[in-house]
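Asker: Those protein sequences? They're chains A and B, same order as listed.
Counting from 0, one number per residue, gives the positions in the first sequence under numbering that gives the first Met the number 0.
Counting from 0, one number per residue, gives the positions in the second sequence under numbering that gives the first Met the number 0.
Take the hints with a grain of salt, since some may be wrong.
[Unchecked claim] Cross-link-like lysine-lysine pairs, in silico, BS3-like; alpha carbons within 27 Å at most: (1) Lys218/A - Lys97/B; (2) Lys413/A - Lys348/A; (3) Lys1/A - Lys97/B.
Hints are computed from structural coordinates only; laboratory data are not their basis.
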Amino acid sequence: MKKLLKHMRKYIFFALLCPVLMVLEVLADIYIPYLMSRIVDIGIVNQDIEYIVQLGLIMVVAALLAMVFGILSSHFGARAGYGFASGIRDEVFEKVQGFSFANLDQFSVSSLITRLTNDCNTIGQVTMMSLRMAVRAPFMMLFALIMALRINASLARVFMVAIPVTALVIVVIMIKARPLFRKMQTCVDRVNAVIQENLTGIRVVKSFNRQDFEEGKFKVRNDDLKNTALKAISLVIFMMPLLNLIIYSTIIAVLWFGGLQVTAGTMGGGELISFITYITQILMSLMMMSFFFMQFIRGSASVSRVLEVLNTESEIKEVKEPITELKDGSLAFKNVYFRYPGSKECILKDINFSIETGEVLGIIGSTGSSKSTLVQLIPRLYDVSEGSVIVGGHDVREYELKALRDQVAFVLQKNTLFSGTIRENMQWGNEEATDEEIIRALKQAQAWEFVSKYEDGLDHRVEQGGSNFSGGQKQRLTIARALLKNPKIIILDDSTSAVDMATDARIQQAFKEELKGVTTIIIAQRISSIQHADRILVMNEGKIESFGKHEELLEISPVYREIYETQQRGVMVG
Amino acid sequence: MRGPKPGPMKLRPDNPGKTLLRLFSYFKFNKFLFIAGLLAIIISSIAQIAANAMLSPIIDSLIQGRGRAIFIRYILIMVVMVIIISLAQYLGSLFMAKLSQRTVHKIREEMFSHMEKLPVSFFDRHPHGKLMSTFTNDVDMLNQALEQSASQVTISVVTVVGTFAMMLYLSPILTLVVVGMLIFMLLAVKYVGQRSAKNFRYQQAALADMNGYIEEMMSGQKVVKVFNYEERAIDKFRKKNEELRKASTLASTYGVMLMPIMGSLSFVLYALVSMLGALLVIKNRMSVGNIAAYLQYTRTISRPITQVSNQFNILFAALAGAERIFNLMDEEIEADEGDVSLVKDSEGNFYWRVPGEDGQAEMVPVRGYITFEDVNFGYTLEKQVLKKINLYAKPGQKIAFVGSTGAGKTTITNLINRFYEINEGVILYDGIDIRRIKKHDLRSTMSIVLQDVHLFEGTVADNIRYGRLDATDEEVVEAAKLANAHYFIKNLPQGYETMLTIDGQNLSQGERQLLSIARAAVANPVILILDEATSSVDTRTEKLIAEGMDKLMEGRTTFVIAHRLSTVRDANAIMVLEGGEIIERGDHDDLMEQKGHYYALNTGAIELE
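The task is simple: from the sequences and hints, build the whole structure.
Answerer: Structure, rendered in structure tokens:
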């Protein structure tokens, strides 16, 4: 919690002033019925018109002051609440930007989105409400109690019964209702799950004629939801009638006991009237406190979800005096073992190999052979569990992270383009890239052939996720984006799977001619994509099965030969 | 398919009257609840006014010392009133809660049932997020409005009218002051309300903008890291976040402001009434008891005004939601005017029962003969996707479609099972126009194995059985064996009883493929539609999948949407599609000899995707 409170510092003035003003508003609200009782008991009894007018005007002024205090208090509350939430949101976003891949795997994308949107909004709202209600209700109760005691201490004894009874009713209902509402939420989730499933799987449902089956499934869950909801609500609706019963019973008790005192002449009629006003105020503030309490529970759930993100330490740490420049693109793995955080099983075992700068390394192997994991260790998307990855003569952990990633370009398997123009997307690789540089990269990635056909060329729109491009086009654009970094090492993780063979061959040709000196690492499913590489790494179940050139591997590697033959058969028949 | 991004939801309905009427039609079955609920609420509000009215004679009897008998009588009346208030209030809320739960339950059921009947094209046109939000947010809002707002508004109206009548009765002069003040309050409500609504819209827009950015950056977070884009992302985010902060602060200030304003104005009224009332008492035109009651009324009359203004926002939002709900329910359902049905004879052979004009039905054996004759199709009328498609498939044959993305491969197969309706031409199934065949029966003779495997929450066995609900355990295992899925299923922690999470996320891509083949196998279809997976699975699994599919295809008419050329070689006919037309056809050897498009694809000269 302390961690979050620092975001309040900027708004501390508003956060403090809001409740102060609120107390002032409450004071005015309490003062007014008191003045009224004076009007009745002194003004009317003495037939003193001047006194009545004077007190009346004071009341109006007090009410207007209360309004000013109230408006200011709500504005300050909003400023503090939303300012606070906005500060937290900034920090969470920044925190996530600093996350390692392992951290990102731990939280799912959708859960991070909810934390940044819903949870932060809730914190803002609850903070604002807390600043106002959490102050208003207890003070209202306190002041009203004091006034009631001052008017008539013996009569105020009714509160000794009324307040505990009210509190008891509220607490009992809330405690009983909570599990019911939680159960209701589960029912809601179950209903939504069916809807979601049917939205995404509508074709399956229809092709198997399962509409009635799905409707049946939905009906059961929908009935469940209705019944559980009714159970929960039936309990909650006791609250208002019961509270009304208590308030009116108290009023009647006050009328009864107070009435005796008025007849005896020990209490004024006006005092009795204002006493009744205070009863309503006291019991209403109790109810307000219960509402606040429910809000607070909602808010604390959000706070803990946000804190979960903030308390996560990035797995990737930097050394004190990092190296900022890669000498060259040479690469070596020494006794590398890797397991995902929290997992026991090593998915990379005893990896040893090295390549010279400027060489092309091909990696092949079945899915699950940890090819992608292996290359992700190079730009430190993950850190090795044992051993070391050496780039340009130094362990990757000795470099400044930013410098390392700037000089090692990575085209991810699951790659994304962002909404904006093609140019904007290319500038991810290099903020200052000129159009000439962008076009050159697009040409190298064989993407210029389709980009140049757009009337608006580089200004062509990219929809979110690049949904307006075909798979092959997207892959070529992401390759171009990576090339713009002018890297020393470039890694292509299955990045040409949707590109046809001829284009794939042209990309490789372009790489060979124009990226001399840049170490290139290619993960591929197709042998044709890597067979001309300087070295080929064959992976099998997390281990290096063999390492060598195409011709050598055909001799020595059964795995390589099997893949080659399966793929070759197709070509031969064709 | 990714639809347009859902923009901020509309907060005002287009046609509130019509929507309201339609909503009322749901109360038809719950007339008692509706009437009894409203009645109870009205009774409790009136009783509340009456209880307050007792204050005046009670206090007067005390001050004027008119004896205990009167005092006790009024106290007793008040006790009765209090009991009525509590009881009526409880019953009113209970009835309204029941009414709203039943209504919402019925609406949800109707919506879902209607959704199941909508054509596939509907789901293409509407983003899932928006539909989901109609099911959840809009229904929730409606529930809230029915449960609370309806009774709140009723209470408010009764309270205002009743209280006003009492005030007028107690003191017409003071009531003049009250009217003046109320008008002032209404103006304040209007002024603040308008600003609040305007700022609320700004806030929604800022929120949508920021949420969109968050969604995009979080989904692409790994790319962000690879490109060192973090700082730029933070900068952009900060700007959007700051916009939102400003908008929220204003919106919320105006939203909350109404409470202190109305509270204070009602105290101003209270002050004026005490002062003027006191003067009237001195002039002997009013009693002290009357002031007490009158003061209580000034407090009760201002509260409904604030509440109603709040409730109206909810009511309008709920009506706007109800409008979206009804729009969904009004979507046209899949046409199904067929009169040809599927029948099974005692030996288990299937026939099409074709009613003739003379009332005699002809029995046509189901064999799986498909013919396309001059078929034209477009998702919209302006844009033709398929042009003059002619083809036939004899029972048991394998027909493959090859062509680039958007050439119309998938579309052709979607026409066979009538996911979409053709614009021109005719598709014949065993010589019968498919539009004459009942949709249910048509589809029950076909199975699809789709590119994106969709599995359901439930066990592995449940998911296979989805193909045929009455399949025995043995049949399920048999289908899994045929699909080459048995081996991996056996190795799952609970075998066939392993629970799958939503969409089978706990299985690998290849395993899900195998399951979907098993699911199609258990259905034992006459016609099979295979949309080959494009995603890269490892060579071994790929082999398993290919074998499974081969076994599944045996003896069935099969349409294959090919993404890899290796799988189409043994097809009886290959259709090469380009721009919605069949540009080449023939078997593999024919096409290779033609040295046309197919040849170019095979030699890698052109891109397939």
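Asker: Now tell me, hint by hint, if it's right for this structure.
Answerer: Now for the hints, and whether the structure bears them out:
1. Lys218/A - Lys97/B: Judged against 27 Å, a Cα distance of about 18 Å means the pair holds.
2. Lys413/A - Lys348/A: Given that 27 Å is the threshold and the Cα spacing comes to 25 Å, the pair holds.
3. Lys1/A - Lys97/B: violated, 45 Å
Hint check: a violation occurs at hint 3 only; the rest are consistent with the structure.
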